[in-house]
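Sequential numbering from 12 applies to the sequence shown in our numbering.
One should not assume that every hint holds.
What the hints assert, rightly or not - Straight-line alpha carbon distances no greater than 25 Å define the calculated BS3-like cross-link-like pairs of lysine-lysine that follow:
(1) LYS135 - LYS91
(2) LYS201 - LYS176
(3) LYS351 - LYS220
(4) LYS386 - LYS201
(5) LYS35 - LYS91
(6) LYS96 - LYS71
(7) LYS66 - LYS96
(8) LYS108 - LYS54
(9) LYS125 - LYS156
(10) LYS164 - LYS71
(11) LYS93 - LYS127
(12) LYS66 - LYS135
Read the hints as simulated data drawn from the structure, not as lab findings. No experiment lies behind these values; they were computed from the predicted model shown.
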Amino acid sequence: MKNLIIILFLFSSVIKAEEFEEFKSSSVVVGNKVLPYYIVYDKEKIPVGFFVESKDWTDKDIKGYGGNIDLQIYFSFDGKIKDIKVIEQYETELYAKDVFSKKFLSQYYGKNNKAKFILGEDIKAITGATISCSAVNEIIYQCVKNVNLYLVKKDVVKKYSLVSKFEKIKVGILTLLFILSILGFILNSKPLRYIIMSVAILFLGIIYKGGLSFGHIKNFIYLNLPSSSNIFIWSFILLIIISSLLFGRLYCGWLCPFGAVIEFLFNIKKFFEIKYKKSLGKKIEIELVEDNVFIKFLRKYEYLYRYIKYIFAVLILLYPKLIFFEPFQHMFLINKTSLKGIIYLIIILIFCILFMRLWCRYFCPLGGFLSLFSKISLFRLKIYTEKCFNCEICKTICLTNA
12 MKNLIIILFL FSSVIKAEEF EEFKSSSVVV GNKVLPYYIV YDKEKIPVGF FVESKDWTDK
72 DIKGYGGNID LQIYFSFDGK IKDIKVIEQY ETELYAKDVF SKKFLSQYYG KNNKAKFILG
132 EDIKAITGAT ISCSAVNEII YQCVKNVNLY LVKKDVVKKY SLVSKFEKIK VGILTLLFIL
192 SILGFILNSK PLRYIIMSVA ILFLGIIYKG GLSFGHIKNF IYLNLPSSSN IFIWSFILLI
252 IISSLLFGRL YCGWLCPFGA VIEFLFNIKK FFEIKYKKSL GKKIEIELVE DNVFIKFLRK
312 YEYLYRYIKY IFAVLILLYP KLIFFEPFQH MFLINKTSLK GIIYLIIILI FCILFMRLWC
372 RYFCPLGGFL SLFSKISLFR LKIYTEKCFN CEICKTICLT NA
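Please build the complete structure, drawing on both the sequences and the hints.
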């Protein structure tokens, strides 16, 4: 391949002009693949290292939460990482600013084929951005491995798993939560359900930062699959599908951290209503629900706007940026969300305090997706609408009342 000399200031958005004056393209042939790399020179025309583009040097297509990620990774001639630049990424803005920050990427500087890249142990992950972090980590690991093997000609350390012990513990806790939820569902135990919901808020909400969202489902539908090292999200999806096929929307009623929060808030409001009949909360509910003709009209046609969640799910598949309107990220990443995200969350919470699981019933796209499985689930609660005379016994059996 003919070498090309390119003046670096033409690419100042990718390479720092004060560090390098120019670079030359070259390549190495491995099997039937041509792997390009670029030798970098300083102002005295002395070669100081080289860089590669990750899309050329990874063994497989690795995607982040939002899609493709392409990195420009700079190496010294002994195979150590010197710098990392982002060429292409489609991650959610909320996560991207942390995952592609200097603080996160600088953890890889100085690492070569002898180093380990276990996320959560050797590399500190970004809380709430597990999929994006796993993708970036595996991309860098594969580039380091292949660069040292084919360019630097150094032996690569024995292959090891990129899955950390913490990740395995998380999968164990998640599996235990699903097992306990199934047990509680079979026993129809309200106390056990509240305990599990509280643990779900702590583990899936506060620690994992939001649980599952329809964004994860969207990625699977479009085959934008997470890194194989991200066993937590793979296990999460598998457990949800299995439990939904067996017991319907078990996740929604027992394990969803956002659903748990809004149900607890509604129950707290209800408690004070009972204790203080003439409290402000009671007056608001009377004004908005009992005496408002518009609300009565909406209730009359409730069966129609149960379809909103399905429409919302389809719109997210067509316009992924609408994932902003899922409130999970705004609640459990409230320190990172925007002002409009906080305002939107407050509005949702107010309505969910007034109406039992309003979001879950009518708007949640994830709930809409899982309800497709619940229609064919083996142990679902069956209601024969043609025989219904509003006895409300089903409410005593279905603990979620959603």
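Comparing the hints with the structure gives:
1. LYS135 - LYS91: Roughly 19 Å between the alpha carbons, so the hint for LYS135 and LYS91 holds.
2. LYS201 - LYS176: With Cα atoms ~33 Å apart, LYS201 and LYS176 exceed 25 Å; violated.
3. LYS351 - LYS220: It holds: about 19 Å lies between the C-alpha atoms, which stays within 25 Å.
4. LYS386 - LYS201: 24 Å, holds
5. LYS35 - LYS91: 19 Å, holds
6. LYS96 - LYS71: Given pair LYS96, LYS71 holds - Cα atoms ~20 Å apart, limit 25 Å.
7. LYS66 - LYS96: 13 Å, holds
8. LYS108 - LYS54: It is violated: about 32 Å lies between the C-alpha atoms, which goes past 25 Å.
9. LYS125 - LYS156: 9 Å, holds
10. LYS164 - LYS71: Distance of about 21 Å is within 25 Å: holds.
11. LYS93 - LYS127: This hinted pair holds, its Cα atoms lying about 16 Å apart.
12. LYS66 - LYS135: Holds, because 24 Å separates the two Cα atoms, which is no more than 25 Å.
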